[in-house]
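Put the two chains together into one complex, using the hints given.
The listed protein sequences derive, respectively, from chains P and W.
For the first sequence, position 88 matches number 88 in my numbering, and the numbering has no gaps at all.
For the second sequence, position 67 matches number 67 in my numbering, and the numbering has no gaps at all.
Bear in mind the hints are in silico, worked out from the structure with no lab data behind them.
Some hints here could point you the wrong way.
One side only, chain W facing chain P, incomplete, derived with CB under 7 Å [claimed, not checked]:
(1) Ala39
(2) Arg66
(3) Gly93
(4) Phe100
Using 35 Å as the maximum straight-line C-alpha spacing, the simulated DSBU-like pairs for lysine-lysine come out as follows [said to hold, decoys possible]:
(5) Lys57(W) - Lys68(W)
(6) Lys57(W) - Lys81(W)
(7) Lys68(P) - Lys68(W)
(8) Lys24(P) - Lys68(W)
(9) Lys24(P) - Lys78(P)
(10) Lys68(W) - Lys81(W)
Keep in mind that this is a model prediction, so the values were computed, not measured.
All residues carry an ideal CB built from backbone N, CA and C; glycine is no exception.
Here is how the chains run, residue by residue.
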Amino acid sequence: DAGVIQSPRHEVTEMGQEVTLRCKPISGHNSLFWYRQTMMRGLELLIYFNNNVPIDDSGMPEDRFSAKMPNASFSTLKIQPSEPRDSAVYFCASSSPGSGGGSSYEQYFGPGTRLTVT
Amino acid sequence: GQNIDQPTEMTATEGAIVQINCTYQTSGFNGLFWYQQHAGEAPTFLSYNVLDGLEEKGRFSSFLSRSKGYSYLLLKELQMKDSASYLCAVNNGATNKLIFGTGTLLAVQP
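Only chain W is shown next, with the shape it has when bound in the complex (with noise of 0.2 Å):
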């Protein structure tokens, strides 16, 4: 079967770093991205992983381990707006529809 889990929630304190993380089983793989999605909107793109290895982007990175079937998206310096579900989803290969996790909600503290 396809499997996508990740941890529900997450409290970081504004300025710090926090690391959230997912690991999937899935039929194929053609590639791992992570969205963002505030309260009440869509989610929008932040990262796209195909090779082993970390994609920075700003403040935000994504890490990823195929034989492991592990990544996690970093965010750094942290800020209140940063306060959001972060999705994890796999495009298993034989499509181009992607399946995703559950989310993880992270709460920023001043």
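Just chain P, same shape as in the assembly (with noise of 0.2 Å):
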């Protein structure tokens, strides 16, 4: 399996720009989970779709950030516009009860998308 894709790696961007980052979860996985990390804050999830379906957004910051899954193998998190605070590496990552060797909700990671805003 080639495991969580996410697109692109890096992206450097000015500020009001609006930023696209692409994910592609493993097949068969139900789960989807949005993170960004900082030094400052850590692991921060933003949002989550089960089956598709948005079902904790309670993490994304403000109106700027907008999340979509619109079939079961890929996902969007949108910013626009763009701001030098947003700069932090974001997370992808998928799960399916069970997966794993048998540890419920084992979430796989993506490689990261490393975003700059300046």
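Following this line, the structure appears as structure tokens:
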């Protein structure tokens, strides 16, 4: 299995521009998670989907952030307009109950997208 | 509220044993996870505990006490490649999302 795939791996953009991050979960996994990681706040859950439906978006910082999952194999996280404080590494993870050697809800992380907003 | 506490940094010597502690206060509980994250890389799964006691997997072991809201990760025969951040995470049982601690940065010295 190719694992969770994210693109782009690096993104540098100017303040005010729109940024779209992409994720392909592991085939067969029915839950998808978007995280943001910074030195100051660690790993924060932004939103997660179950069977393509958003379940909990309480971590989405503000209206500038939006996420979609149009089908089981693709999700996007969009920031519009972007600001310098959005600079972070954004991880996508997927899971399925009982995956990973019998441990419930083990999450598999993608390589991340390092976003820099200048 | 939800709270997970871990030491920020630890240092240990190659070949030694190190214990990384994690305490948690969550509204519910359905398992505790440990993840390893090397600099510039994604977190990778190490261990999972849902019942009290010790789970051993090679050089790594993880312990859980649900009554005390406490877990530790034990690393034996430390190697230089074990230098990484170790993240404690709890499934609070309401959904399948995880709440992560801020991680413990472990530096293994020769």
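Hint check:
1. Ala39: Violated, about 11 Å.
2. Arg66: violated (15 Å)
3. Gly93: violated (10 Å)
4. Phe100: holds (4 Å)
5. Lys57(W) - Lys68(W): holds (23 Å)
6. Lys57(W) - Lys81(W): holds (17 Å)
7. Lys68(P) - Lys68(W): violated (39 Å)
8. Lys24(P) - Lys68(W): Violated. Lys24(P) to Lys68(W) sits at ~38 Å, over the 35 Å cutoff.
9. Lys24(P) - Lys78(P): The given pair, whose Cα atoms are some 15 Å apart, holds under the 35 Å limit.
10. Lys68(W) - Lys81(W): Roughly 31 Å separates the two Cα atoms, so the pair holds.
When held up to the earlier numbered hints, the structure conflicts with 1, 2, 3, 7, 8 and fits the remainder.
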